[in-house]
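Protein chains in written order, with the working numbering: chain A, 146 to 424; chain B, 598 to 864.
Incorrect hints may appear among the rest.
Facing chain B, from chain A, some residues (calculated, C-beta under 8 Å) [to be verified]:
(1) N246
(2) R249
(3) L250
(4) P279
In case anyone wonders, no lab produced these hints; they're calculated from the structure.
Bear in mind the structure is a predicted one, so any value in this text is a computation, not a measurement.
Yeah, the Cβ is synthetic: ideal placement off N, Cα and C, and Gly gets one too.
One letter stands for each residue in the lines below.
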Amino acid sequence: MNAIELDDVSLTLGGRRVLGGISFAIAAGRFVGVLGANGAGKTTLMRAILGLVAPSHGAIRVRGQPATRGNPAVGYMPQVLSAAPQGTRLSGWDFVASVANGHRLGLPILGREKRAEIGCALDLVGAGKLARRPLAEISGGERQRLLLAQTLIGRPQLLLLDEPLISLDPHHQQEVVELVKALQRELGITVLFSAHEINPLLGAIDQVLYLGNGQAALGAIDEVITAPVLSRLYGSAIDVIRVRGRIFVMSGSHDVEHEEHRHEAGHEHAAHEGHVDHV
Amino acid sequence: MFEYDFMRNAFAAATIVALLSGSVGYFLVLRGQTFAGHALAHVGFTGATGAVLIGVAPLWGLVLMTVAAGVAMGFFGEHLAQRDVAIGLVLAFALALGLLFLHFYTAFATQATTLLFGNVLAVDVSTVYTLLGLGALSLAILAIISRPLLFASLQPELAEAKGVSLRLYGVLFLAIVALTTAECAQIVGVLLVFALMIGPAAAAQQWTSAVTTGVLLSAGLALVEAWCGITLAFYTDWPSSFWITALSVAVYLLAVLPRRLRALQPV
Ligand SMILES: Nc1ncnc2c1ncn2[C@@H]1O[C@H](COP(=O)(O)OP(=O)(O)OP(=O)(O)O)[C@@H](O)[C@H]1O
Ligand SMILES: [Mg+2]
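My request is simple: use the sequences and hints to build the entire structure.
Here is the structure:
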């Protein structure tokens, strides 16, 4: 069974066509990197798979069923992180626990089984101790770990991770990628992992889904990260340069992926990135 | 002091209202919606004056007006960015109406003081029963929606993806806040609703790291503050609203000051 199937899908937001007539199928158990420039539609695609954006044309199927909101088989880590609640000392554990049966009416009191499941999810990402600390006092990277743990609650078969590497330094980026890879293997689940740059994902992902220009290309890294495919997706001449196991996607003399990355960093996490660049 | 009817009524009313406002306040602080609570209280004043003007008990004016305003705020302010604008607009319109009512209503001074600052010692038995009914209703709704409400408050994007309607719970919660505001206003008046709804909740957030204990502590603190406030008022003859508010402020300071002081010290 395919984890995700898109059949001639168009996604339109506020009258703007984000993706036009794309079709692909992702087999179960794959680790797929979702790439594309800012505004290429990575988040919109994930929201469509979650059933939050209805396609203006075509059909999306998740594990053989039409995409609907609240599918328990799908875990999700949103790109926009809600600010840590201010002025509270709520623990990471409670934050993660809020997702357990969170859609059901009733008191937020969990039974032993659910508590064990939360403990298990936290242990899987090595955040057992971390979760005892107040949410307001942990770092961005540690928060990322907790968010990853919570996508595992409810034992999903498909994880949609929207830019989990944002705001992390290269060392922690590698750590998160390896962590997700290990989880994906151990649990045998399908993972869609969006990022701005392919390099941190090299060696971990099975396939790339590259978005751009309203279109999509899915395939192995060597099939997709090529000059002809990317030129089509960027709508301009692109060179792909490989240096010592790293891949640079260049438009003229610019590194497209890296520029995009810096652009994002510029308004969100200037301090982090600036520091790394100067070293 | 329990040989007096008015003291028994005062304690009964304060108990009901404190338990409700402590619990609701916890979520209000967690959601960062204290401004909404503040605005609803002022809107309630308009409702109460309007009710007096047409010869209805002020409590019902309070309830009607705050619930209507709460629901309106919930509908228009689903997203954080729009929230304060929506609240500000509702508040401005309500105050304009209040001004109009004041214009028509003359013999106002004592009524207005009671509305603004409350007088728990003047609560009668029938009001206690009304408070009990409304309080039980609000607490029951809060208990039923608390899990999705918590989820939607802490992680709105994820909650939406899991099928939780942010708007539905936003509106329902503000309706509960509105009812709570109306209840609190009976005890401490519309101007001091903050004392019972925000003070204990904010202190409890500092002292606890889990939701359940936080809500319980918040309700407990509100209860103790209300009881002690009334007792102090009985023996000193100072207004009960003053004592309750003073205790609420003191407890909050007790919760935040030690940590602030420690943060100031050089390491
Ligand atoms: N609510 C909206 N109404 C109209 N257009 C929207 C809306 N949300 C997003 N868009 C547009 O849809 C396009 C795709 O946005 P999306 O957020 O999916 O991109 P992305 O690939 O996730 O970008 P990023 O790398 O910045 O996260 C963008 O051009 C954006 O401007
Ligand atoms: Mg995005």
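Evaluation of the provided hints:
1. N246: holds, 7 Å
2. R249: Holds. Min distance 6 Å.
3. L250: holds, 5 Å
4. P279: Where the cut-off is 8 Å and the nearest Cβ of chain B is about 6 Å from P279 (chain A), the hint holds.
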